[in-house]
Amino acid sequence: MAQVSLAGIGKTYEGAGANTIAGLDLDVQDGEFLVLVGPSGCGKSTTLRMIAGLEEPTAGEIRIGGRRVDGLEPRERGIAMVFQNYALYPHMTVAQNMSFGLRLARLPRAEIRRRVEGAAETLGLSGHLDRHPKALSGGQRQRVAMGRAIVREPEVFLFDEPLSNLDAQLRGQMRAEIRRIHDRLSATTIYVTHDQVEAMTLADRVVVLKDGRIEQQGSPQELYDRPATRFVAGFLGSPQMNFLAATVRNGALDLGGGAVLPLPPGRPLPEGRRLDAGIRPEAFAAAAPEDAAFHATATMVEHLGATSLVHFSHAGQDCAALMEPARAPRAGQPVHLSADPARLSLFDADSGRAV
Amino acid sequence: MARFRKPLLLAAVLALILVCFFAPFLWIVSNSFKPQLGIFSDVTPISWRTFLPLDPVAENYRSLFARTNILHALLNTAIVAAGQVALTLLLCSMAAYALTRIKFRGSQAVFVLILLTFLLPVEALLVPLYQVVSGLGLSNTLTGIMIPWIASPFGLFLLKQAFEELPRDLEDAARIDGAGHLRIFVSVILPNVKVPLLTLGLVTFLFSWNSFLWPLVIAQSPDAQVIQVAIAQQGSPTQLPNWGETFAGATVATLPLILLFLLLQKYFTQGMAMSGIKG
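The listed protein sequences derive, respectively, from chains P and D. If you're matching positions, the first sequence starts at 1 in the numbering used here and goes up one per residue. If you're matching positions, the second sequence starts at 1 in the numbering used here and goes up one per residue.
Everything labelled a hint here was simulated from the structure, so no lab data went into it. Heads up, some of the hints might be wrong.
In silico lysine-lysine, DSS-like type, Cα no more than 30 Å apart, as pairs [said to hold, decoys possible]:
hint	chain 1	residue 1	chain 2	residue 2
1	P	Lys-210	D	Lys-103
2	D	Lys-266	P	Lys-134
3	P	Lys-134	D	Lys-194
4	D	Lys-6	D	Lys-103
Pulled out of the complex, with its shape left as it was, chain P reads as follows (with noise of 0.2 Å):
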């Protein structure tokens, strides 16, 4: 079946001095839906350009269903995929566009019109088959492109950052779209994104990249719970996570600012051990002066409707907290928070890495 391997993945631009990938694994199981994410330039478009075989890695070696591919051209790979930019074809209709690849591989044409109409069904083009791309919308547009993967019946579906060019709104609604798809076929996907939202509704599995390496990867709440070092911790979430340095002192974590909470449960730490702790917005909370670990002054106030982030400064870092809009303060308003210790992630000040 369509499981993807990857082993000692290597991508070395001519030029460029550094690697741009170095020495990746990863493994992808049969009908797995997996997220590639991280920061512009970490190397998640280069390994899925690699898998597609739009480029070569300069190491390693890649394998669809056991079967190697590197070296074989993208349409002997068995892989479709969907463009950020759509890549339709503009002087075709979109049925054109969606059979294109089939009638190059010379299929009976009864069989690609009942691929065409099928996948047309499935996403609700039926009635815009021969229209030229410029008639669509971008939500349809991005249909199409789907339509034309759809149709190739792959055993592995490509995404590259397909939802960037598309509104809030409707990015909403494709998102909802493309899982029901993968479900539906029970393809491997494999999903490329800078958008941590994207990362953590869709996948089965998010790899967080950066530099070309592996940071992190698991299940999203996973991810998001117990994040392996300081930068996946503030890519993942939205508002981010915030950062205080702390310092080990009688067995209670320091927090700057005479700020003090007690060390997390099971989680002994030698004395004067310096640290980043990580603190959720909603791991905050509103509460009494006395009992309250940070007292500062709300710097802004941003009503999100169900909830309201918080900025304040605690001994000289930005923070925010989300709150409930009914015990927010107001800007320039005292504002009492405590912690849930439980709740804190921490992470060694030097290396980044989880303790």
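Since the structure of chain P is already known, use the hints to place chain D on it.
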């Protein structure tokens, strides 16, 4: 009043430019309808008579078609122009594809070298070109007239720009769909650069139709004469030129261009704007 002054001034300048370009053409056409003796009697002083034939006669056209091989020359010109357009489009688009879509060492150097040939004036090339083309046994042939110009640096430049504007993802999508270079070139790239192709075709056609110096040098025999050369040489060296026939010939030679221009005006001006180099 002041707000009318600017458009009026603009209109005056435009009118002046129009007169400068249009008057010679009108003079040619009107003279082609004047009897041989009347042509120069109206030249000075310049009046409306200079530009309008009082008693139009068709004599010049009759003798032009009866006495000279103008029809044959027109046919030659059409063959040369069509061939030059077809081959220029084919060669330049393939070269542009290679230079924009296939990575190879030195591609930039190749492009710059080709563009450098652009800097050489035709006159400087004339003698070596003659030696090469006649050495190939192509003097006095239509092939010899068109062959030096089909690898047009201008055409390559124009198409390379157009190809570069096409998103690279299109080609990636086509590769995933199973297309090779030839299929991508024919089915994905070319259909999306129709306007630049048409523009290059038009400019090439015009250049070919109006060329005089090279055809004069390489194709002297009446069999291979093109229209511009035929008009210039319709009189024998010992005779005074028959000016009426010359003007009639010039009018006939211009008509196809005017028709083409009217049909494809949009692309024509676009080509001028895109090139900014060659008229």
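Tell me if the straight-line CA distance from Lys-6 (chain D) to Lys-103 (chain D) falls inside 30 Å.
Violated, because 53 Å separates the two Cα atoms, which is more than 30 Å.
Quick one, are Lys-210 (chain P) and Lys-103 (chain D) close enough, alpha carbons at most 30 Å?
holds (28 Å)
Assess, step by step, whether the Cα of Lys-134 (chain P) is no farther than 30 Å from the Cα of Lys-194 (chain D), and give holds or violated.
holds (16 Å)
For the pair supplied as a hint, Lys-266 (chain D) and Lys-134 (chain P), is the alpha-carbon distance within the 30 Å limit?
holds (22 Å)
Hint check: a violation occurs at hint 4 only; the rest are consistent with the structure.
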